[in-house]
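Peer 1: Please take these sequences and the hints and turn them into a complete structure.
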Amino acid sequence: MTLKRQDVEKIAHLARLSISDTEMPAYVSSLSRIVEFVDALSRAPTEGVEPMAHPLDGQRQRLRPDAVTEADHHDKYQRNAPSVQAGLYLVPRVIE
Amino acid sequence: MLHTLSIGELAAKLAGREISSVEITRHFLARIERLNGRLNAVITLTAEQALAAAAQADRRLAAGERGKLLGIPLIHKDIFCTDGVRTSCGSRMLDNFVAPYDATVVERLKAAGAVMLGKANMDEFAMGSSNETSYYGPVKNPWDETKVPGGSSGGSAAAVAARLAPFSTGTDTGGSIRQPAALTGVTGIKPTYGRVSRYGMIAFASSLDQAGVFAVSAADAAAALEAMSGFDPRDSTSVDTPVPDYSAGLDAPLKGLKIGLLREFFEGLEARNQALIEAALAVYTGLGAETVEVSLPHLPLSVPTYYVVAPAECSSNLSRFDGVRFGYRCDSPRDLTDLYERSRGEGFGAEVKRRIMTGTYVLSAGYFDAYYLKAQKVRRLITDDFKAAFARADLVLCPTTPTPAFGIGAKVDDPVTMYLNDIYTIGANLAGLPAMSLPCGFIDGLPMGLQLIGPHFAEQRLLNAAHQYQQATDWHRHGPHGFV
Amino acid sequence: MSDWELVIGLEIHAQLATRSKIFSGAATAYGAAPNTQASLVDLAYPGVLPVLNAEAVRMAVKFGLAIGATVAPRSVFARKNYFYPDLPKGYQISQYELPVVQRGSLTVLLDDGTLKQVGITRAHLEEDAGKSLHEGLGQSSGIDLNRAGTPLLEIVSEPDLRSAKEAVAYMKKLHTLVRYLEICDGNMQEGSFRCDANVSVRRRGSAKYGTRVEIKNLNSFRFVEKAIQYEAARQIELIEGGGTVVQETRLYDSDKDETRSMRSKEEANDYRYFPDPDLLPLEIDAPFVAEVRASLPELPDEKSARFVRDYGLSAYDAGVLCASRELGAYYEAVVAALGAAHAKLAANWVMGELASALNRDGLEIDASRVAPAGLAQLLARIVDDTISGKIAKEVFEAMWSEGLAADAIIESKGLKQITDAGAIESVIDAVIAANPRQLADYRAGKDKLFGFFVGQAMKATGGKANPAQLNEILKRKLGGA
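Chains as they are written, first to last, in our numbering: chain A, 7 to 102; chain B, 196 to 679; chain C, 208 to 688.
Don't read these hints as lab results, they were simulated from the structure.
Heads up, a few of these hints could be off.
Stated by the list, open to error - Here are some of the chain B residues that sit facing chain C, going by a computed Cβ distance under 10 Å:
#1 Pro295
#2 Lys342
#3 Leu513
#4 Arg515
#5 Phe516
#6 Asp517
#7 Leu534
#8 Leu568
#9 Gln571
Unchecked claim - Where chain C lies over chain B, by a calculated footprint (3+ residues, C-beta under 8 Å):
#10 318-332
#11 395-405
#12 426-439
Said to hold, decoys possible - Listed next, the in silico EDC-like pairs over lysine to aspartate or glutamate satisfying Cα-Cα at most 20 Å (straight line):
#13 Lys82/A / Asp290/B
#14 Lys16/A / Asp477/C
#15 Lys287/C / Asp290/B
#16 Lys338/C / Glu541/B
#17 Lys606/B / Glu56/A
#18 Lys582/B / Glu56/A
#19 Lys16/A / Glu541/B
The structure presented is a predicted model; accordingly, all values stated were derived computationally and were not measured.
Where is the CB? At the ideal position from N, CA and C, for every residue including glycine.
Peer 2: Here's what the structure looks like:
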C-alpha cells in the first residue's frame, strides 16, 4: 500500500511531528516503501493464532506493596526542565 | 600493553596489587583521548568521575575485597541513565539531558566496582544498524574508518574493538549488540528478555529491548554479564530466576551438544560467508558437538514483523519527549501544538521520525488489525518455530550478518535495505531468546561474526559454547591495525 | 418532555484511597506543593518503568465483588495515546479490551419508592492525569503532576438511566458503596469522585438510541442533575427545531448553568490503544478473590434490609441511615444502648435533630458533638417520661453546644417533667380561675379553646408538665368535673 501526502500529514500530526514541505516528499516515499515492505505480513495465515504481546510466556504482573517510597526531589528533577515557575512546568497557555 | 589484557588478566594484576585501578583507568582514558577522534565512539568522557571511582576501587582492593570487575574500566552505551552525567541517547532531543538517577545496569556495575570511563555513541534512540543516525555523527569502524561499525550500539562495539575499554554495555532490540559486534570483530551477547533490568535504559521497543555486553572474549563477556544480570523489582518484565556463575560454566566440554543448523539462514547466503560458517561448524564437530537440521519456516517474516512491532512501541515510548519536563524545546512556541510539533520535529532526527510515523500508522484506527495485531500473531508463529527447533537442538548456529561492514553512507537512502541487514538477528528479539555473536573470520579484511542462539535463559550454554570455540580458534584475538 | 425519553449512562472516576500511586511509590496525599509528589515515574522520565500497586488491585476486586461482577482472572493494561500537558508520558495506562471488573449491577431506590437495577458494564484500573493551572501565569499554563499516577477505578454504567434524578440516585448509591468499601474517600471537591455523563434523547417508544453527547467532569451531584437536565432540554429543542445532535464532548459551566462544546477535544481522536509492553497481564486467582470476599464489610443493601427487618424501619429511613458506614454504625450504637424496642425513636432523632445539627455546623457524623451513648441517654429520658420530646430538643441543643450529658442538663436546668398529678391539677385550677370568659366560651362549644388552656398550663409549668397527663386532667376539669 502506498501512502499519500495527506496520509503522512495526518500521521505526523497525530505523532506531533513538524515536517517541513521540503522534507515531506522523502517521508512520503520512504514510509510508502516501509508500508509496502511490511505488507508481506498479510500473506501469512494466522487464523486462530493468539497475538503475542510479550516474549516470555507464563509471566504475570508482579505487584508492589502499597508504600510511599519516593521523597520530594522536584528541585533536582526540574533542573532538566526548559521552563519552570513556582514549581510548575510551564507550557503555552492551554485553552479548554 | 594493559589494553591487550583480558578482564581476567587485569583482575589478577589488581588482586596481586601489581597495578592499581587508577593506573589502568589512566591508561584507558589516555587511549580514548588519543584515539577517539578517529572513531567518534565515545561522546562523553567522564575522566574525573572515573578516577574517583578507580581510587574507590583501589581502596576496596586494599581492604581485601576481590571481584571479577572490581577496578575494571568500562564504557556505557549512552542509552543508560547515569546520575549527574549527560545521557543523550544519541539525540539532539537529549543533548542537554542530565539523568538524575542511575539505570539498574549502571548501579549494578558500580556496585561491582567497575569504573565508567564515559558514554558511547549510538544510533539515535537505538534506531539504526550503522550508527549513522546519531546526532553526534557516525562512528567509524576501527578496521576501516570508511566503514560503519554497525548499530545501534556502534560506539560501544568500536570502543572495545579499538581497546578503548576492556568492555562496554550495549542494548539489542533487533540485533544492536550482535550486528556491531560482528562488524567490529568483538564478542557480544544479548541475554534472554527479562534477564537484565530495563530500568533506566531509555526505551526504544519495550517488548524487544534487552541490555547486554561487548568484550574481547566470551570469558570476559561472562564476567560482565553476570554482574549486570538479575531480578529488579523496578522492572515488571524482569524475571526472578537466579543468575548462574557464568564464568564457572565456561570450561564444560561440548561433547554431545546438539547444534541446530537453520535451513532458512543459508538460503541466499554469500559463498564466503557460508564458508566461514561451515568452518566454524567444523570446529564445533571437532569439539564433540553434533549437528541437527532445524527449520524456522516463518523466519522470513521476522523483519516485517519487527518493523511493525518495534515502531509501534517506539511511537508511544517516545511521546514523553515533548519539550515540557526535559529535553529539547523549540524557540518561542506559538501555542501548545506548535511546542509539541516543533520540539519533536527539531529534536528528533529523520530515522526516529520515520519510525515514530510508521508506528503511529500501524496502530491507527483502520490499520491496527492489519498491521499491529497481525504482526503480533506472526510473532507467535516465529516464537513457536524456535520452540520446535529447541526441542531438537541445544542451540542454533548461523551468521550474524549477511555481509561485513559496509561503507558510511552506502545504505542511508533506502531504509528497507538497511532494515534487511538485521535479517539474522531479529528473530531472537521477537522470541526473547539469548543470542551472541563471536568473531569467526574475515571477508575482504573485515571481521565477520558467528551467531549462537539459545533457548530462554541458556546464557551459560551460549557462553560455554563460545568460550570453547575461542579456545580452539584465535579470531577473537585479532585486533584492528593502529589500535592494538 | 413527555414525548421524549432520556437515555443516560455515567462514567464515574473514583480515586482509589491507596497511600502510593498506581505505578510508583510517590504519595497520593491531596494538596501538596506542586510537583513535590511527582516521582520520576510520574514525570515520565526517560528509562523509568511502571510497577503495579497491589492495593489498587485489591480495591478493584473489592468493588467488583460488591456489585456482583465478574473479577477477570486475566486483565490487560493498555496504552491510550494522546498528547496533553497533564499527561506526561503522552499516553495513559488504562485497561481497554480486558478490564479487571466485568458486568455487575447496582440496585437503586428511586423517589417513587421503586427499586431499579442499573447495569455496570465494566470497571477498570487506570492512572489519573496531572493538573493544568491557568491563574497568574500570563500567557502560560503551569503543570502540576502531583495527581498524575493516582489510581482510578473508572466505573462505566449501561445506558440504563432515564432521568437526571435517576442518574443522581445511581451516583449517590455508588458514592455510598465506594466509601463503605473504603476504596475511595468520596471527596468530590477534591476530585476524588468525578463523573462524566453520556446523554441522549429519543422519542418515547423508539428502540433506537439517539446520538449521545458526553458531558465532562461533573464534580457534584447537583451539577450532574442540572447538566443532564440542561443538555436533554438542549437536545430536544434542537431536534424539534429540525436540527440534529452532533456526537461531541461538552463541558458543563456551573456559573451559567449550561453545557458548551469543548473545541479542544473536537479533533478526531485516534487513541491507538495497544497492550502496554512494560506491564504483564494482571492475573487474579480464585484464592485471592476468596480472601477479598471474606474481608468485605456488610454492604449498604444488606445493612438496610437488616434495619428494616430487625428495627421495623421503613425502607426509606433504612436507606438514609445506611448512606454511610459511619452513620449506620452511629445509629446502631444508639439502638444498642437504648434497646431495639425504641429503634424508631432513635431513627427519628438521628435523621432529625442530629442530622440538622451536623448539617448546620458542617460536621461529619464522626465529628458529632453528641456521641451515640449521649444521645441514647437523652432518648432514654423520653422513654422513661423524665422529659417530653419537646424538652428533649432543648436538652439536645444544650448537649450539642455545652458538651454536657443529658442528665446533667436536665438536673441543672430543672427540666425534669412534672408527673405529679396533684401539682398539675393545681396549676390547671389556677389557669381556669384566671380565664373565666374563655372557660365559659369553651363550655358553650368553642372546642378550639382547648389548645389555649393547654398553652397556658404548659407556660405556667415552664413546659415541664407531662403532656399526656396535662391533657387528660385539663379535659376533665374543663368538662366541669
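Peer 1: Each hint should be assessed against the structure and marked as holding or not.
Peer 2: Tested hints:
no. : hint                : verdict
1   : Pro295              : holds (7 Å)
2   : Lys342              : violated (31 Å)
3   : Leu513              : holds (8 Å)
4   : Arg515              : holds (4 Å)
5   : Phe516              : holds (8 Å)
6   : Asp517              : holds (6 Å)
7   : Leu534              : holds (9 Å)
8   : Leu568              : holds (9 Å)
9   : Gln571              : holds (9 Å)
10  : 318-332             : violated (count 0)
11  : 395-405             : holds (count 7)
12  : 426-439             : holds (count 5)
13  : Lys82/A / Asp290/B  : holds (18 Å)
14  : Lys16/A / Asp477/C  : holds (11 Å)
15  : Lys287/C / Asp290/B : violated (28 Å)
16  : Lys338/C / Glu541/B : violated (27 Å)
17  : Lys606/B / Glu56/A  : violated (36 Å)
18  : Lys582/B / Glu56/A  : holds (16 Å)
19  : Lys16/A / Glu541/B  : holds (18 Å)
Hint check: violations occur at hints 2, 10, 15, 16, 17; the rest are consistent with the structure.
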